[in-house]
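Visitor: First to last, the sequence lines map onto chains A and B.
Letter 274 of the first sequence, counting from 1, is numbered 274 in the numbering used here, and no numbers are missing.
Just add 325 to the spot in the second sequence (first one is 1) and you have the numbering used here.
Because the hints were derived from the structure by calculation, they are not lab data.
Bear in mind that the values here come from a model prediction, so they are computed numbers and not experimental data.
A virtual CB, placed ideally from N, CA and C, is assigned to each residue, including glycine.
Incorrect hints may appear among the rest.
[Unchecked claim] Examples of chain A residues toward chain B, derived with CB under 10 Å: (1) Phe-31; (2) Ile-103; (3) Ser-219; (4) Leu-243; (5) Ile-276.
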Amino acid sequence: MSVASEASMHKPIEGSAKFQLGEFLFKGVLFTAATIVIVTLVAILLILFSAGKGAFEHFGPAFIWLNQWDPVRDLYGALPAIVGTIATSLIAILIAWPIGFGIAYFLTETCPRVLRQPLGIAVELLAAIPSIVYGMWGFFVLAPVLSTTVQPWLTEATMWIPPIGYDFFWFQGAPIGVGLFTAGVVLAIMILPFIAASSRDVLLTTPQLLKDGGYAMGSTRWEVLTNIVIPAVRGSLFGAVFLGLGRALGETMAITFVIGNANRLPDSFFAPSASIASIVANEFPDADQGSLKLAALFALGFILFLVSFFVLAIARLLLRQERMA
Amino acid sequence: MSIAALNPANHLRRRIGDFVMAIVCTAAALIGLVFLAWILWTLIQRGTAGLGLHVFTEQMKTPGQGGGLANAIVGSLIQVGIGTLIGAPLGMAVGIYLSEVGHKGKFASLVRFVNDILLSAPSILVGLFIYQIIVVPMRGFSAIAGGIALALLAMPVIARVTEDILKLVPDAYREGSMALGARDSTTVTRVVVPAAFGGILTGILLAVARISGETAPLIFTSFGNFNWSDSIFSGPMASLPIAIYRLASSPYPEWVDLAWAGALIITFGVLALNIASRVSLALATRGRK
Numbered sequence: 001m002s003v004a005s006e007a008s009m010h011k012p013i014e015g016s017a018k019f020q021l022g023e024f025l026f027k028g029v030l031f032t033a034a035t036i037v038i039v040t041l042v043a044i045l046l047i048l049f050s051a052g053k054g055a056f057e058h059f060g061p062a063f064i065w066l067n068q069w070d071p072v073r074d075l076y077g078a079l080p081a082i083v084g085t086i087a088t089s090l091i092a093i094l095i096a097w098p099i100g101f102g103i104a105y106f107l108t109e110t111c112p113r114v115l116r117q118p119l120g121i122a123v124e125l126l127a128a129i130p131s132i133v134y135g136m137w138g139f140f141v142l143a144p145v146l147s148t149t150v151q152p153w154l155t156e157a158t159m160w161i162p163p164i165g166y167d168f169f170w171f172q173g174a175p176i177g178v179g180l181f182t183a184g185v186v187l188a189i190m191i192l193p194f195i196a197a198s199s200r201d202v203l204l205t206t207p208q209l210l211k212d213g214g215y216a217m218g219s220t221r222w223e224v225l226t227n228i229v230i231p232a233v234r235g236s237l238f239g240a241v242f243l244g245l246g247r248a249l250g251e252t253m254a255i256t257f258v259i260g261n262a263n264r265l266p267d268s269f270f271a272p273s274a275s276i277a278s279i280v281a282n283e284f285p286d287a288d289q290g291s292l293k294l295a296a297l298f299a300l301g302f303i304l305f306l307v308s309f310f311v312l313a314i315a316r317l318l319l320r321q322e323r324m325a
Numbered sequence: 326m327s328i329a330a331l332n333p334a335n336h337l338r339r340r341i342g343d344f345v346m347a348i349v350c351t352a353a354a355l356i357g358l359v360f361l362a363w364i365l366w367t368l369i370q371r372g373t374a375g376l377g378l379h380v381f382t383e384q385m386k387t388p389g390q391g392g393g394l395a396n397a398i399v400g401s402l403i404q405v406g407i408g409t410l411i412g413a414p415l416g417m418a419v420g421i422y423l424s425e426v427g428h429k430g431k432f433a434s435l436v437r438f439v440n441d442i443l444l445s446a447p448s449i450l451v452g453l454f455i456y457q458i459i460v461v462p463m464r465g466f467s468a469i470a471g472g473i474a475l476a477l478l479a480m481p482v483i484a485r486v487t488e489d490i491l492k493l494v495p496d497a498y499r500e501g502s503m504a505l506g507a508r509d510s511t512t513v514t515r516v517v518v519p520a521a522f523g524g525i526l527t528g529i530l531l532a533v534a535r536i537s538g539e540t541a542p543l544i545f546t547s548f549g550n551f552n553w554s555d556s557i558f559s560g561p562m563a564s565l566p567i568a569i570y571r572l573a574s575s576p577y578p579e580w581v582d583l584a585w586a587g588a589l590i591i592t593f594g595v596l597a598l599n600i601a602s603r604v605s606l607a608l609a610t611r612g613r614k
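Excised from the complex, chain A in its bound form:
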């Protein structure tokens, strides 16, 4: 790959200033574009912080763990939104991880060869459906189905689990359809293609020779997977999950439709709640320029940015590690 740059070093210098200037401009333009990528990331971070500074100054660092969101009395805190964001993302991961990994194993090992590409594309098309469409489908179609089937069943099945903490009743809330649980399920469907596709790519990086060794010893496909493939690529498989988590944390429109938009701590998984992204999208139109509320929304955005940055950075490092090996 480095042929171009090495060759240019040894090339006889062609005297004309025009030649030098042309090459300089060409590389300069490309370099500037590459710099814009980094500038964008840093600028987003700085702008979100500076626009949200008002909220951090007013409430102090306690903004992060204050359990309040009361626009009437101008009191804001991030705790309900953070809890909602983490809870929905974790539900999504718990559902999408095993299914996504199953799809990856299916597509790499057990699926008939001719079907691999079309089925792989079909699963990836789930990622192409716009978030807003997931929101509408979740609200109008999935939520009513869940509220009459899965939710009552879960309530029945988990009756024996005692409430914890500040009276969190697990699955004992009213099955109204919208809430943390439905938001988690919709998110799970949305991140499924990301987890499935990157897990599949990871599984495909295992050297065939290693697998053939296992088969030569008489192992079954599942034994080769659990004893040879997974130990070889474990880090990258976690990378695929973190990638899905990073997607889930910042998902906005779908969540806004199905989470119920209640800015308080949920008392069960069926309770209406809010996530950082859903609060920002919902309350922005009512936030005046220069108000404390707008600053609080930006502060929420800043927190979301930091969290997603770290999750996505971990994902990329884990996924890259394996690519180098």
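Mind docking chain B on chain A? Use the hints.
Guide: Below, chain B alone, put in the same frame as chain A:
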């Protein structure tokens, strides 16, 4: 792997275990397909009810007066157009830099890493960012702000695909060009990029598909509008995703029907773009890997 596992006496048990896991994983794939089919079926069923020629020819109107989505569709085309016009050259330049100039250097690795993060970063934050640096100084929502937000979302997609595609161009092409005495800029613009142009174009199509459905960043930038806009530089402009959002959250059944029609249009548009770009990518890279 323990020796006991390979004991022939356990042969049947192990074969059954393997078979069961194969079934379970097939079921996982079926779950994914079922949801895809379920969503598409819902869209066809509910979307066709509100669909008609009026959707494409009339603007949005107050409930009870009918109306369509023409202003939203045109608004989306304008903003996605702006996003592509800015995002495509930028993304291509980044991809070319990573593949042809930066290679595995420290700076290029950093750019690659940051680009991958931007690729999956929450799009709502890009909206907040553009609101603060463009909407506030310009004193109002505008189509150009929406377009720039979409450009920032298109850039990392195009950069990634461009780099991946350029890496598939055989080094012999570059060496041949060098041997003829071509400068680096000539090698890149006349030999390497043309050889990969089909692939780069599909990357741009993928990016267009992605930004066409983006809703969250537009809330803070072009805001949405029930009427036609007369300028791209000032005043809010309608877009299909925002129109769907507002109509679907309304209490009027007529509006919800229109929202479903809009969702049908946008989803099938995006899926068509996606499939088209995948097919052409497969054709463009055939025999290169």
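Visitor: Each hint needs a verdict: does it hold in this structure or not?
Guide: Against the structure, the hints:
| no. | hint | in the structure |
| --- | --- | --- |
| 1 | Phe-31 | holds, 6 Å |
| 2 | Ile-103 | holds, 5 Å |
| 3 | Ser-219 | holds, 7 Å |
| 4 | Leu-243 | holds, 7 Å |
| 5 | Ile-276 | holds, 9 Å |
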